[in-house]
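K.L.:
The residues making up each chain are set out below.
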Amino acid sequence: MTTKTKIKNEMSLSFPSKSCNEAFARSAVASFIMNLDPTISELSDIKTAVSEAVTNCIVHGYRRTGGTIYIKGRITEDNKVTIKIRDKGCGIEDIKKAMEPLFTTAPEEERAGLGFAVMQSFCDKVKVKSTPQKGTTVTLEKIIGSENE
Amino acid sequence: MLKTEFKNNILTAYIDGEIDHDSAAKIRTKVDGAAQMFKPRELYLDFSGVTFMDSSGVGLVMGRYRQMKLIGGALRVINIPDRLYRIFAMSGLESLGVLR
Ligand SMILES: Nc1ncnc2c1ncn2[C@@H]1O[C@H](COP(=O)(O)OP(=O)(O)OP(=O)(O)O)[C@@H](O)[C@H]1O
Ligand SMILES: [Mg+2]
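From first to last, the protein sequence lines stand for chains A and B. Per the numbering used here, numbering of the first sequence is gapless, rising by one per residue and ending at 149. Per the numbering used here, numbering of the second sequence is gapless, rising by one per residue and ending at 249.
A few of these clues could be false.
[As the list claims (entries may be wrong)] Quick list of in silico lysine-lysine cross-link-like pairs, DSSO-like style, CA-CA up to 30 Å:
#1 Lys-18(A) - Lys-6(A)
#2 Lys-179(B) - Lys-156(B)
#3 Lys-6(A) - Lys-156(B)
#4 Lys-96(A) - Lys-8(A)
#5 Lys-88(A) - Lys-156(B)
#6 Lys-18(A) - Lys-4(A)
#7 Lys-97(A) - Lys-6(A)
#8 Lys-97(A) - Lys-8(A)
#9 Lys-218(B) - Lys-175(B)
#10 Lys-156(B) - Lys-175(B)
#11 Lys-156(B) - Lys-18(A)
#12 Lys-218(B) - Lys-179(B)
#13 Lys-127(A) - Lys-97(A)
#14 Lys-179(B) - Lys-18(A)
#15 Lys-84(A) - Lys-175(B)
If you are wondering where the hints come from, they were derived from the structure by calculation, not from laboratory data. These numbers were taken from a predicted model, which means no experiment stands behind them.
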């Protein structure tokens, strides 16, 4: 059993799958973690990872239908930031394959297939849950402040 | 968001601000329009003014690489800020010799 770490702050957001909301989402998450006093590179890592996950909801999850994107953020006492990005879109058939660097189902749209690789390299942990026809949840975790130790 | 300059058969596009899926579409339209018009021998994408980039920036560069090949020209990405280099390093673009 893990002991529960105390929650310092929480937030939730939802917005339609419009590409102008990619910038909104990453800035909103950046503001949320601001009082942890992140370094410029920690801030940029989180913004980039959130941008990847939100873009995936728009260009893949809601490709055909459009829909609502949900973000939940949490900061715990150990300075861990957890960001969940969820869509109720088409879902992913083979998560393992989807997460391979350079794998993409949309090469003709100039996608590089690097989104998951970037999330993994810029965060401490990335979890993906997905059900075809139901949707996808990506959970990003990053400890803020470990760079200065 | 974008200024272009054509000199000595080189088209330079100065990209400004943040590159994501949203802005990449707009940058792509402008750069390809200018490349169609001038048919340059080389296209330079100048990244010195780029403050943020996700993997859409890699897609943008790969797409322009292919476009330039089609019109018989070459592509170079110049003045890449250090912080953005990490994403490029993951992309395999290094081995194409387009990053400066
Ligand atoms: N939210 C999602 N819903 C449905 N499919 C997804 C979702 N996120 C990712 N995928 C699938 O996983 C693949 C890999 O995603 P990843 O972000 O790594 O690359 P990409 O989006 O194709 O390219 P890039 O992120 O470099 O622009 C996608 O091509 C898509 O098939
Ligand atoms: Mg992606």
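K.L.:
So, for every hint listed, does it hold in this structure?
P.N.:
Hint by hint, here is what the structure shows:
As the CA atoms of Lys-18(A) and Lys-6(A) are separated by approximately 35 Å, the hinted pair breaks the 30 Å bound. Among the hinted pairs, Lys-179(B) with Lys-156(B) is consistent with the structure: their alpha-carbon atoms are about 17 Å apart, no more than 30 Å. The straight-line distance between the Cα atoms of Lys-6(A) and Lys-156(B) is roughly 60 Å, outside the 30 Å bound, and the hint therefore fails. Using a Cα cut-off of 30 Å, the hinted pair Lys-96(A) and Lys-8(A) is violated, with the two alpha carbons roughly 33 Å apart.
Distance check on the hinted pair: Lys-88(A) and Lys-156(B) sit about 49 Å apart at the alpha-carbon level, beyond 30 Å; violated. Between Lys-18(A) and Lys-4(A) the CA atoms are separated by roughly 36 Å; this puts the pair beyond 30 Å, and the hint is violated. Our distance criterion of 30 Å between C-alpha atoms is broken by Lys-97(A) and Lys-6(A), whose separation comes to about 36 Å. Annotation: proposed proximity of Lys-97(A) to Lys-8(A) is violated, straight-line Cα distance about 36 Å (limit 30 Å).
Among the hinted pairs, Lys-218(B) with Lys-175(B) is consistent with the structure: their alpha-carbon atoms are about 21 Å apart, no more than 30 Å. The straight-line distance between the Cα atoms of Lys-156(B) and Lys-175(B) is roughly 23 Å, inside the 30 Å bound, and the hint therefore holds. As the CA atoms of Lys-156(B) and Lys-18(A) are separated by approximately 38 Å, the hinted pair breaks the 30 Å bound. For the given pair, Lys-218(B) sits about 18 Å from Lys-179(B) by alpha-carbon distance, which is consistent with the 30 Å threshold.
The straight-line distance between the Cα atoms of Lys-127(A) and Lys-97(A) is roughly 14 Å, inside the 30 Å bound, and the hint therefore holds. Proximity of Lys-179(B) to Lys-18(A) is assessed by CA-CA distance (about 21 Å); at most 30 Å being required, the pair is judged to hold. With a C-alpha separation of about 29 Å, the suggested pairing of Lys-84(A) with Lys-175(B) holds against the 30 Å cut-off.
The structure is inconsistent with the numbered hints 1, 3, 4, 5, 6, 7, 8 and 11, although it conforms to all the rest.
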